[in-house]
Amino acid sequence: MNKLLLISLWAIATSSISGDLNNTQQLNAPLEITQTKVEIVKDPVKELYDEMKLQGIIKWDAFEQAMQGYNHLSPKNKNIMTIIDFTLPSTDKRMYVLDMKAKKLLYHNIVSHGRNSGEKFATAFSNKHGSFQSSLGFYYAQETYFGGNGYSLRLDGLEKGINDQARPRAIVVHGADYCSTDIIKSTGRLGRSYGCPALPRELTKPIINTLKGGTLMYIYAGNKDYLASTKVVKKHPLESPSTLIATQHEEETGKSKTVLN
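Residue numbers (this note's numbering): 1016 to 1276.
Simulated from the structure, these hints should not be mistaken for lab results.
These numbers were taken from a predicted model, which means no experiment stands behind them.
If a hint is listed, it holds; no wrong ones were tucked in.
Listed next, the in silico BS3-like pairs over lysine-lysine satisfying Cα-Cα at most 27 angstroms (straight line):
#1 Lys1143 x Lys1175
#2 Lys1108 x Lys1200
#3 Lys1246 x Lys1061
#4 Lys1220 x Lys1118
#5 Lys1074 x Lys1091
#6 Lys1068 x Lys1108
#7 Lys1135 x Lys1220
#8 Lys1108 x Lys1227
#9 Lys1074 x Lys1057
#10 Lys1227 x Lys1119
#11 Lys1061 x Lys1108
#12 Lys1074 x Lys1093
#13 Lys1249 x Lys1068
#14 Lys1118 x Lys1249
#15 Lys1118 x Lys1091
#16 Lys1057 x Lys1068
#17 Lys1061 x Lys1116
#18 Lys1227 x Lys1091
#19 Lys1093 x Lys1119
Simulated restraints on C-beta separations:
#20 Thr1102 x Gly1165: 26 to 32 angstroms
#21 Gly1203 x Trp1075: 27 to 33 angstroms
#22 Lys1068 x His1144: 38 to 44 angstroms
#23 His1087 x Lys1057: 15 to 21 angstroms
#24 Pro1059 x Phe1161: 38 to 44 angstroms
#25 Gln1070 x Glu1158: 32 to 38 angstroms
#26 Glu1066 x Arg1216: 30 to 36 angstroms
#27 Asp1192 x His1123: 16 to 22 angstroms
#28 Thr1196 x His1144: 28 to 34 angstroms
#29 Lys1118 x Ser1089: 16 to 22 angstroms
#30 Asp1065 x Asp1197: 34 to 40 angstroms
#31 Ile1072 x Gly1163: 29 to 35 angstroms
#32 Ala1117 x Pro1183: 30 to 36 angstroms
We put the beta carbon where it would ideally sit given N, CA and C, even for glycine.
With these hints in hand, go ahead and build the complete structure from the sequences.
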């Protein structure tokens, strides 16, 4: 009887030790690590922005939106792209002329806005005749001519209801005495135009000669009404626009908003 009891206890102890050893072996076994390859999708627009060293010079939003138009529209001359940033005061250099082929900034200068768009800041925009306000969006810089403001450059607005009246309104690039650092020093801001992007006299000819012939210009203001109306700039840039020309906005907005008539 005692022998049988001892044998039973030995069998139980052996089974327990064997189970513990198996558990220990399982715990000490090397872990199998499954490696997942993560593919990083590079943004070519961001790469270009970095390559051109535009950080701290041109706002990313302004550049990214301009590039949407550059990629989706069909400018005759894609070597040059111009951005005007009306989120900045007229005392700042807010016009950028980019050489897209050489990937460098050619001009960075002051530019005037329309007299009814605001004083130091441009906050109101219109497509209306007689508004004397600037218009936002995409333009083609076309042919040159000599007029009342001297050597000038005609602009064609590409977005219906937003800036398509630019040519009939005679919205052009031209030089102006009121666009100068001397005016800034004396008045605290630039003088204003009838809606044209006016340049310093000394830069007028070289800039116009660079822009003429069908290059793309984008006038940016971070304006919510423009962004709600444009069919060129998308909230998600990788999404292709179904149509590239904006349809007319249904409501006329007030001050500090884009008037789309």
